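J.: Chain by chain, the residues:
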Amino acid sequence: MKQMSMREAIAAFVHDGDTVAIEGFTACICFAAAHEIIRQGRRDLTLCRMTPDLVYDMLVAAGCARKLVCSYIGNPGVGSLHAIRRAVEKGIPAPLELEEYSHFGMVARYTAGAYGLPFFPLRSYQGSDLPRVNPHIRSVESPYGDGTVAVVPPLKPDVTIVHAQRADPEGNTHLWGLLGVQKEAAFAARHVIVVVEEIVPTEVIRSDPNRTMIPGLIVDALVHEPYGAHPSYVQGYYDRDNAFYLRWDEISRDEASTRRWLEEWVYGVPDRAAYVAKMGAEAWERLRPGEAFAYPVNYGRYA
Amino acid sequence: MIGYTPSEMMIVAAARALAGVRTVFVGVGQPNIACNLALRTVAPDLKLIYESGVYEARPARLPLSIGDPTLVSGATLVCSLADLFGLFLQGGRVEVAFLGGAQVDRFGNLNTTVIGEYTRPKARLPGSGGACEIAIHAGRVFIIMPLSRRSFVERLDFVTSPGHLDGRTPRSALGMPGAGPEIVVTDKCVLGFDPESKEMVLKSLHPGVELESVLGEVGWKLRIAPDLRETEPPTSEELRILREELDPQGIYRR
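From first to last, the protein sequence lines are chains A and B. All residue numbers for the first sequence refer to my numbering, where the first residue is 11 and numbers rise by one. All residue numbers for the second sequence refer to my numbering, where the first residue is 61 and numbers rise by one.
Excised from the complex, chain A in its bound form (with noise of 0.2 angstroms):
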């Protein structure tokens, strides 16, 4: 493990073709490295995520991407993705391949490569197209003769990339609010990224070892990346940017507009720390949540 910025980490674990997967439900999408990867001109990912969100919008729109495996197309709370739209409808910038499951699939095919299983069983699909449309959905028959069960093979990403509040210098990293499917795709990753707001002593981490979701032990890289998660948040360090979620949709629905916004944010500035001086002090304050903090709980001390 070694702590590096996001540009060496992304150069390091993401190269043309490979299978990659930025989790994050709603919250803690990393923003930075998808950015990172644009401005890198990687091609022909296979892009992983149950919710694409803009993240995969905007890495479509730059034309990183051949396929996207996933389960929920759309702008949560919001309306459509128009850039996938417009690749998946018109094969504008390239055609994209889909290969499409549904919530419990998705989190079934992470757990499986997690767990190093052949395949994953769950109670879903039947009366559904979506086997008909998708051939890696498939059944069989229970041993236990109790009928049949869905089956979804094992996603095993090159490259998953993790955005947290908090890890220490050995990548051991802490996780609250939503928890989404990052501790199963992080594990079934042949490689990790790991970025976080915040790098703190190990003792910090120590103190509370329940909150962590991922081990240092399969962490490649720690990037510390302040503000990283944007326009997607971070629980109790900054909101969601729901007014960037409505502009996206307005933004993205043109193919000139979507370019000239990439232009702009993402290959106009150098990196993150740019693009958070570019978005200005008072943007962040306005996302700035007021306090919550949880009760202290006693692990007690067995000197």
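One or more of the hints may lead you astray.
Computed, partial: chain B to chain A, Cβ under 10 angstroms [said to hold, decoys possible]:
#, residue
1, L131
2, P186
3, L225
4, P308
It is worth saying that the hints were derived from the structure and are not from the lab. Here the structure is a predicted model, which means the values were calculated and not measured. Note that beta-carbon positions come from the ideal geometry of N, C-alpha and C, so glycine has one too.
Position chain B against the provided structure of chain A, taking the given hints into account.
T.: For chain B alone, coordinates are given in the frame of chain A:
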């Protein structure tokens, strides 16, 4: 007589259907408002489960999405999605779930995936999310969507989430634990399902709505309950909670 919008009537009718329910799987938008209205009126013990992994949320502001951070602060439990889908949903802990879609057929099957051919879509829609397994596992499904001929169709372009299938095959034959769609709440009327044929049946018309205007918005010959009623209009208290507490900006009431 107090004025109200068709959306307000739809939300109120959905909330009332939650009387006596203990656990509900919530979606954002109108179902979210309906569940929070039920919590303040007919179902004070209602436990709200959000697809993002939040149990018993107490949102301090109207959440824009099911992943809004206001749902986390003050909830009794926040879990991973493996726990949410495995333990809560597949484990049989969800009594009622709200679903909607771009298209519904007479048996309550829903399409949220695609308009047109799957491989050559006229319009690409969001897809399943958790809807496919929610439709299979929730004890009962409440469908909430505005009535229109584009949505209430003879034949779905794609079945994302199964309802009562073809009306003849029982859901249990496919190993589906939940009972399937029970009601359909629209901006014009409330529909149920015939226990034998599993076909949608018009149960009540919202005040001021003509029967013909409902039949004209349904893409098949709609069955009408022999005891067709008028939906009870919203009370002033329901409207007050909706307007003052749940949706003061009127985003979902228009």
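J.: Hints first: check each against the structure and report whether it holds.
T.: Verification of the supplied hints:
Annotation: interface hint on L131 of chain B holds; nearest CB of chain A at approximately 8 angstroms, less than 10 angstroms. Interface hint status for P186 of chain B: upheld, as the beta-carbon distance to the closest one in chain A is roughly 4 angstroms, under 10 angstroms. Because the closest C-beta pair between L225 of chain B and chain A is about 5 angstroms apart, less than 10 angstroms, the hint holds. For P308 of chain B, the suggested interface contact is broken, since its CB lies about 16 angstroms from the closest CB of chain A, more than 10 angstroms.
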